[in-house]
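Q: Read off the chains here:
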Amino acid sequence: MKTLPAVDAVIVGGGWTGLLMAKELGSRSGLSVAVLERGVARDSADYPGTMDELDYAIRLHMMQDLSLETVTVRHESTGRAWPMRQYGSFLPGTGVGGAGEHWNGICPRFLPDCFELLSRTIEKYGSKRLPADHAIQDWGVTYDEMEPYYMRAELMLGVSGKAGNIKQKKVVGGNIFEGWRSAEYPTPPLKIPYFSALFNDAAKGLGYHPYPSPAANLSEAYTNPDGVSRSACFYCGFCERFGCMVGAKAQPTNTLLPLIQQRKNISIRNGASVRRVIYGASGSGKRARGVTYLDEKGEEFFQPAELVILASWTVNNTRLLLLSGVGEPYNPQGPNGTVGRNLTHQVAIGAATAFFEKPLNRFMGSGAAGVCINDFDGDLFDHSGLPFLRGGTLLAMSMGYRPIANFGILPPSVKAGWGSDWKKAALEYYDRTGFIGFSGEHLAYKSNYMDLDPTYKDRFGDPLLRFTINWGDNERKMVEFVTPKAVELARAMGAKEVSSFPGLKNYDANRYQFTHIQGGTIMGNSPESSVVNPYLQHWQVPNLFVLGASTIPQNPSAHPTLTVLALTYRTADSIIDRYLKSPSPLA
Amino acid sequence: MRRREFLTLSAMSIGGVLFYSLDGKPSRLFAQTEQSIRIPLRFFTQSEALIVAAAASRIFPSDETGPGAHEAGVAVFIDRQLAGPWGRDRYRYTQEPFEENAPAEFGYQAKATPRQLYREGLKDLKGFNELPPSEQDNLLRKIEGTLFFSLLRRNSIEGMFCDPVHGGNIDMIGWQLIGFPGPRMSNYSDVDKHFGEAFRPKPVSLRQMSKNYRPSEDEE
Chain A
1 MKTLPAVDAV
11 IVGGGWTGLL
21 MAKELGSRSG
31 LSVAVLERGV
41 ARDSADYPGT
51 MDELDYAIRL
61 HMMQDLSLET
71 VTVRHESTGR
81 AWPMRQYGSF
91 LPGTGVGGAG
101 EHWNGICPRF
111 LPDCFELLSR
121 TIEKYGSKRL
131 PADHAIQDWG
141 VTYDEMEPYY
151 MRAELMLGVS
161 GKAGNIKQKK
171 VVGGNIFEGW
181 RSAEYPTPPL
191 KIPYFSALFN
201 DAAKGLGYHP
211 YPSPAANLSE
221 AYTNPDGVSR
231 SACFYCGFCE
241 RFGCMVGAKA
251 QPTNTLLPLI
261 QQRKNISIRN
271 GASVRRVIYG
281 ASGSGKRARG
291 VTYLDEKGEE
301 FFQPAELVIL
311 ASWTVNNTRL
321 LLLSGVGEPY
331 NPQGPNGTVG
341 RNLTHQVAIG
351 AATAFFEKPL
361 NRFMGSGAAG
371 VCINDFDGDL
381 FDHSGLPFLR
391 GGTLLAMSMG
401 YRPIANFGIL
411 PPSVKAGWGS
421 DWKKAALEYY
431 DRTGFIGFSG
441 EHLAYKSNYM
451 DLDPTYKDRF
461 GDPLLRFTIN
471 WGDNERKMVE
481 FVTPKAVELA
491 RAMGAKEVSS
501 FPGLKNYDAN
511 RYQFTHIQGG
521 TIMGNSPESS
531 VVNPYLQHWQ
541 VPNLFVLGAS
551 TIPQNPSAHP
561 TLTVLALTYR
571 TADSIIDRYL
581 KSPSPLA
Chain B
1 MRRREFLTLS
11 AMSIGGVLFY
21 SLDGKPSRLF
31 AQTEQSIRIP
41 LRFFTQSEAL
51 IVAAAASRIF
61 PSDETGPGAH
71 EAGVAVFIDR
81 QLAGPWGRDR
91 YRYTQEPFEE
101 NAPAEFGYQA
111 KATPRQLYRE
121 GLKDLKGFNE
131 LPPSEQDNLL
141 RKIEGTLFFS
151 LLRRNSIEGM
161 FCDPVHGGNI
171 DMIGWQLIGF
181 PGPRMSNYSD
191 VDKHFGEAFR
201 PKPVSLRQMS
211 KNYRPSEDEE
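Each protein sequence line maps, in turn, to chains A and B.
Counting along the first sequence from 1, when you hit position 522 you're at 522 in our numbering, and nothing is skipped either side.
Counting along the second sequence from 1, when you hit position 86 you're at 86 in our numbering, and nothing is skipped either side.
A couple of the hints might just be wrong.
As the list claims (entries may be wrong) - Pair ranges (Cβ atoms, derived): (1) B:K142 - A:P412: 22 to 28 Å; (2) A:P502 - B:K111: 52 to 58 Å; (3) A:P188 - B:D63: 31 to 37 Å; (4) B:F98 - A:S182: 50 to 56 Å; (5) A:V171 - B:E99: 24 to 30 Å; (6) A:A41 - B:I143: 43 to 49 Å; (7) B:F98 - A:T3: 36 to 42 Å; (8) B:Q116 - A:A41: 53 to 59 Å; (9) B:K142 - A:K358: 27 to 33 Å; (10) A:L580 - B:E219: 43 to 49 Å; (11) A:N506 - B:P132: 43 to 49 Å; (12) B:P97 - A:A45: 43 to 49 Å.
To be verified - Mimicking DSBU-like on lysine-lysine, the simulated pairs with C-alpha atoms at most 35 Å apart in a straight line are: (13) A:K286 - B:K202; (14) A:K415 - B:K202; (15) B:K123 - B:K111; (16) A:K358 - B:K111.
Hint data in this document are derived by calculation from the structure and do not stem from the laboratory.
We put the beta carbon where it would ideally sit given N, CA and C, even for glycine.
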């Protein structure tokens, strides 16, 4: 193994959080920063001319190569786990920019009480209402503390939207249920395509509070505070699973990479697969000394660093700590161990599928163009007579629908699955079908966690990460409650037929439901029950930081990217303003 | 090296369409000239290709609602996909142990690749392309529940609606059926208009936008 010259900070992973941290540290502190990214180099100029549904959206050209490494999944800690042999419930990205290149750009904040879920729920309902085996925790940071960081993330991305609560004043047309905002969104909302406009009117008619989805896809040309300019969205409908052809959708390669490329003190090494965090005793505590990695040719290197920052998404952050023996692995039967706990996956369902008389022209759209309601989110509606806690967002998005994925979705009245009758119906409904989605909270349970699989290995012979995950009754009953609301909305939109989600049974690793896997290296107020402190600093190893959704203690209903970026800004400030002056525990 | 096999598309049945050959060169077929095109096969034997073409045409028939799998070149598309990385499970996790009967919620857990599933499945359809349509349908109904059939159905839809660069959707015939305009760059001035009425801009394909695009099935 070759030992490389030391750097001040080594960052594992070149996606949203890794590149944001690299840019902040590199431009504000002058530290030497090395980003180790195992995937390919990417640039925003790569994307024009790649709007190929088959290769990108069906064969998943931009995702991690599962032949090298995957996860295994089971429902309970006594069962056997199966490897995710082909993509199913989530789609992790790879390469520079990571999944931030091919996301949809839906950009909400979390509700204020999500950050203090345990104490707020007990305060209102008493601890008896909590599920028996819950593992819910407060984050150790409040919404009020997060607000300035949310604002910074929104300004960096140029989020398009309509505020519903500016400094505690409700604003008509925005999301009146959102936490207070210090200012309006940086750019106005995206245009509202037909299907979403129908939802908007129906929701108003039923007394709900629709608002345009906040979007990292720009409604108009915008220059962010870093001086990076991007153009407006063309509504081509190729967002999710694609890089943006025109750079309207904020991606790490079009917001952060141009700044990083200008700096001599930041380097990105592609094809660098990090295998271990090296750490040991140092003085009175423990210290990370750097990381080991293999380059594309299989040569092994040790990269020493003063600061080690993991930014390699939920799965790999957790797996690296487990493989490196940093911290105690979580065991649902044992009293100790935190690494791997609180695995959650946002509840995401197509609550209602609506079939219309009129064509929708649904090829036009944008990943985050659409209308949402939060009337059934969080604790915004009365749960006293209900058999579950919390809720989620109903969304009528107009993402731009492509034919391979959407041809042949038919109302229940059509029985044929192939042949002339099927073809006739499928042609008729192809552009007359719309989806009302629901994204809901997944509470944390003691029985849902990650550990190392005893059977299946990656290409290097290291054990795969194993998910033990299932839904609780809380999630199942929440879905039962909200599905009829979506059906009612679809009818009010004028749908002539509606099919509804059949209900959550076991966790289905084969059904895509967003890539919002969270937990494993969670943040919290105590080293007994969390891996990192509220500044995302490892409790036992103070020069080790962990970024991303692996630090989120339980899954709020909203999409996490904005929050993850806001947390990264907060950690960057903590490192630059406090840690570098006195390298020691921040909490 | 296996013997080079071909599938012949006749201009009589797919007349007047633009087709991309293996090297990405477009050829236009005209019905009037009774010209036909011999397409070299990458994976199927000629008799397998004829069965796949016939079966895809029962799944997605050419009928009074418009052209189907035959005109779109679905069999050519499937041949190229099977020959490429998808057909050999290049990107699938294939470490043992496999499991033939895992619960559906863990996804496909068996060992067979798409190539093997096709090759095995086609054995049950010997002589299929010689049968009258009603008997073809009866035979397909018998295998409806198999993994092979669900792959064939899925691949037929892909071949109808993929970008023509992949060998299917010849001349954007599938897109024209459903009013999908392909990778059209801008809908900026139309996205919040045309409410309740069909807006059907003329489709464009990737080759019209970029000469350099290389589809995944051409990867080594």
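Q: Please go over all the hints and tell whether each is borne out by the structure.
A: These are the hints, each one checked on the structure:
The hinted window of 22 to 28 Å between K142 of chain B and P412 of chain A holds, with their beta carbons roughly 25 Å apart. Evaluation of the 52 to 58 Å hint for P502 of chain A and K111 of chain B yields a failure: the beta carbon distance comes to about 30 Å. Distance hint check: the CB atoms of P188 of chain A and D63 of chain B are about 47 Å apart, inconsistent with the given range 31 to 37 Å. The hinted window of 50 to 56 Å between F98 of chain B and S182 of chain A holds, with their beta carbons roughly 55 Å apart.
A hinted range of 24 to 30 Å for the beta carbons of V171 of chain A and E99 of chain B is inconsistent with their spacing of about 54 Å. For the pair A41 of chain A and I143 of chain B, the supplied restraint of 43 to 49 Å holds, since their beta-carbon distance comes to about 46 Å. Evaluation of the 36 to 42 Å hint for F98 of chain B and T3 of chain A yields a pass: the beta carbon distance comes to about 41 Å. Checked against the given bound of 53 to 59 Å, the beta carbons of Q116 of chain B and A41 of chain A, roughly 35 Å apart, lie outside it.
For the hinted restraint 27 to 33 Å between K142 of chain B and K358 of chain A, the CB-CB distance of approximately 39 Å leaves it violated. A hinted range of 43 to 49 Å for the beta carbons of L580 of chain A and E219 of chain B is consistent with their spacing of about 46 Å. Restraint check, N506 of chain A to P132 of chain B: a C-beta distance of roughly 45 Å satisfies the suggested window 43 to 49 Å. With their beta carbons about 44 Å apart, P97 of chain B and A45 of chain A fall inside the hinted range of 43 to 49 Å.
Between the alpha carbons of K286 of chain A and K202 of chain B the distance comes to roughly 64 Å, so the proposed pair goes past 35 Å and is violated. Proximity of K415 of chain A to K202 of chain B is assessed by CA-CA distance (about 32 Å); at most 35 Å being required, the pair is judged to hold. Taken as a hint, the K123 of chain B and K111 of chain B pair is honoured in the structure, with Cα atoms around 19 Å apart against an allowance of 35 Å. Between K358 of chain A and K111 of chain B the CA atoms are separated by roughly 45 Å; this puts the pair beyond 35 Å, and the hint is violated.
Hint check: violations occur at hints 2, 3, 5, 8, 9, 13, 16; the rest are consistent with the structure.
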